[in-house]
Amino acid sequence: GAVVSQHPSWVICKSGTSVKIECRSLDFQATTMFWYRQFPKQSLMLMATSNEGSKATYEQGVEKDKFLINHASLTLSTLTVTSAHPEDSSFYICSAISPGQLAYEQYFGPGTRLTVT
Amino acid sequence: AQTVTQSQPEMSVQEAETVTLSCTYDTSESDYYLFWYKQPPSRQMILVIRQEAYKQQNATENRFSVNFQKAAKSFSLKISDSQLGDAAMYFCAYERTGNQFYFGTGTSLTVIP
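Heads up: the protein sequence lines correspond to chains A and B, in order. For reference, each letter of the first sequence is one residue, going -7 to 109 in this note's numbering. For reference, each letter of the second sequence is one residue, going 2 to 114 in this note's numbering.
Fair warning: there could be bad hints in the mix.
Said to hold, decoys possible - The calculated lysine-lysine pairs, modelled on DSS-like cross-linking and capped at a C-alpha distance of 27 Å, are:
#	chain 1	residue 1	chain 2	residue 2
1	A	K33	A	K56
2	B	K56	A	K33
3	A	K47	A	K58
4	A	K12	A	K47
5	B	K74	A	K33
6	A	K33	A	K58
These are computed hints drawn from the structure, not numbers from a lab.
I would like the entire structure built from these sequences, with the hints used as guidance.
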């Protein structure tokens, strides 16, 4: 099946710094990628929908200036957490679909654990 | 806004027995998809089963089956012959037009040997 990778799998950063998380579709082209956030023992919360070559669509309540999403190519989307604070510590998961695929063919990455100290 | 509710934060089942996980959702749309995902300790999301809303027949995948009640907006997952490897968090998810997923709060399933 299709594979989605995330890098890094785990990152620690200091408060006030920015951190970038990459999401790659390894064996297919992904026109649409999704970014989720998951707090411990909680559900996945959709943050934004990222379409290749266009601006991301953010869910209500998600700060677009805080969470910068760039989907510059058909295989790569990046999430940059700017001026990170301890409350941004969370597990971030991306998923991807390719042209013509339906939602049930959405493939999830393994996630990135962000810890802000 | 679409909401997905899982009223059972934790469930346990004896190995080889059957367990049912509950899910309800709220939507004004008539055409949509519903899913059950499994998230083991590795945190990798794994698709268990899906159901198209326009299909009346309940989906089945080996030991996993659903009871889809569209009018009641209910979508439960039945796991038969439970195995130790079934232990995980299970999330019910709703897909609206545009491919955005909305997940429930999850049910932690423990399988007792």
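task = Hints the structure violates: just list their numbers, smallest first.
result = Hint check: 2 fails alone, others pass.
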